[in-house]
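Peer 1: I would like the entire structure built from these sequences, with the hints used as guidance.
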Amino acid sequence: MITWRTDEELMLRYRDGDTAAFETLYRRYEKPLFDFIYRLVPDSTDTESLFQETFFRVVRAKRKYRVTAQFKTWLFQIAVNLCRDRTRRMKHRSHLSLSSPLAARGESRAELQDFVPDPYPAVDKAAEACELETAVRGAVAALPEDEHLVVVLREYQGMNYSEIAEITNRPIGTLKSINHRAHERLRSALAPYLGE
Amino acid sequence: MECEDIRKRLKAFLDDDIEEDDRTAIQEHLDHCPGCAGVARQLKQLSGVLQTWKAVEPPQDLYGRLQAGLESRESWWRKVLTPVFAGKTALRFAEVATVVLITLAVSRYFQKPLPARPDDDLATINFYVTEHQEAVLLATSTVSAVQQPARMTLSRDDIIYYEYIDDYRRISRPGVILRGPDSIRDAETAAPDSDLAGAKALKRSQARAAVGFDAVAPSRVHPGYILDGITKVAGRNSLHLLYTNGIDTFSVFEQLLDGEQGLAAKDFREYAVYKSSTPAEGPGNQAGTTILAWKNTHVSFVLIGRADMSRLMEITQAFTDASKSINIIGE
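Chains A and B, in that order, are what the protein sequence lines are.
According to the numbering used here, the first sequence is numbered sequentially starting from 1.
According to the numbering used here, the second sequence is numbered sequentially starting from 1001.
Calculated from the structure, these hints are not laboratory results.
Hints should not be assumed to be uniformly reliable.
[To be verified] The calculated lysine-lysine pairs, modelled on BS3-like cross-linking and capped at a C-alpha distance of 25 Å, are:
(1) B:LYS1203 x B:LYS1295
(2) A:LYS176 x A:LYS72
(3) A:LYS31 x B:LYS1054
(4) B:LYS1200 x B:LYS1232
(5) A:LYS72 x B:LYS1054
(6) B:LYS1054 x B:LYS1008
(7) A:LYS72 x A:LYS31
(8) B:LYS1044 x B:LYS1054
(9) A:LYS176 x B:LYS1232
(10) B:LYS1203 x B:LYS1044
(11) B:LYS1200 x A:LYS176
(12) B:LYS1203 x A:LYS176
(13) A:LYS62 x A:LYS31
(14) B:LYS1044 x B:LYS1295
(15) B:LYS1232 x B:LYS1295
[What the hints assert, rightly or not] Far from chain B, by Cβ distances over 10 Å, these chain A residues were calculated:
(16) ARG15
(17) TYR65
(18) GLN70
(19) ARG88
(20) GLU145
(21) ASP146
(22) GLU166
(23) THR168
(24) LEU190
None of the values given here were measured: they were computed from a predicted structure.
For each residue, glycine too, the CB sits at the ideal point set by N, CA and C.
Peer 2: Structural data, given as structure tokens:
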């Protein structure tokens, strides 16, 4: 019978040289972490590089690893920080590369936005056929950054507020308010697909 | 409370993440305010709608690429020292080989034909199936539940093979898959003694008093399912938990293992899973339903719903996690 070990036990074993423990940890989190990053930064190239970078950080930090928090929340915290950096860099680059020449030609703001590449292009073109899925993806992606993060962690990763609080370093009460605001926004954006 | 205050708390109310007094006040408000009740229904539906954005699968051989990336980042001196650890690697290989051999031996043992066992467990599961079908009918159809819907029941012939579930899912017990019939069974074969329409929704404290144990009843189950209600099964010492994500529904039945009419500990050498291959058509038709039975130390669980195997295991895991935090047996 295979013995169940907690994530933290596996990480400690990995720290002490057990590479099989790392693979077990990786297998546990491959799907949820990849899916999480994809929903935050849904560009296929970026998703994979951010995913890999998250595990590189884990490997790099293994010698300093101490069981002070859940491995899971630590892992997701690393991923969140990397995703934030990437998103901010992307916004900055878009602004610099697109604003000047178009503004010089007297383009309106609305026209300029039409030239801004979609920051959330569909990875799977076939999925675009599904109108509802596309609408949901668009509505979630359009949420403000903090709401987007809470919705992805709660609705798609099934995390409780305590875990989200550890990842985001925000009080649970604040997270509940953020979640409420996010759901109001989503309810409004997806109203055509809801009853009433 | 005013409508604005109510709406701010609706999400927490639906997540069952609210004080009992507030819950009562909000419920009373919803009973009399169609506007807020409509928002509540939309929020409930929203959970299901959000889940239409499907999870993306990682590309194949991602681990291989990660390993390659790690190796390329390794500094030169670590590469020099690697041969020193070769002995350790060989030892690790021997350990892994031993585990594989033991696992194969265990798997072979469980591939043996099933010993003859009483069908009481199947009778109980079939009873729960009927209860679930009634609940779905009531939830999805405006047509009277008196109408005879297509039914399904299980028999021991439905068993096709054992499946070993490894610790990746935190479950290291062998499972058994039960094959469903090609066509849906007739209504006559289903037990017609359900009294669900008359069942009363219970609070947790009431449920505990009714059956003598604390229900394992997470208020939310990933992805997007919300606990719709707890009822006591008429004539049995069982609780029926109904979950919905606004689109799909599943039921969990819980009963003490030593109860007279429930599943007994001996029935749980394995997970019992049923899955019908026939697509569902119309309310009450539960083809495509999966049934999974499991237990903890004191309580049996029977999960009935339409979900694939991986989703089913996630739901099971939610209950396993929740059961760790409560005292199962009543005082």
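Peer 1: Checked against the structure, which of the hints given earlier come out wrong?
Peer 2: Result: hints 6, 9, 11, 14 and 24 break, sorted rising.
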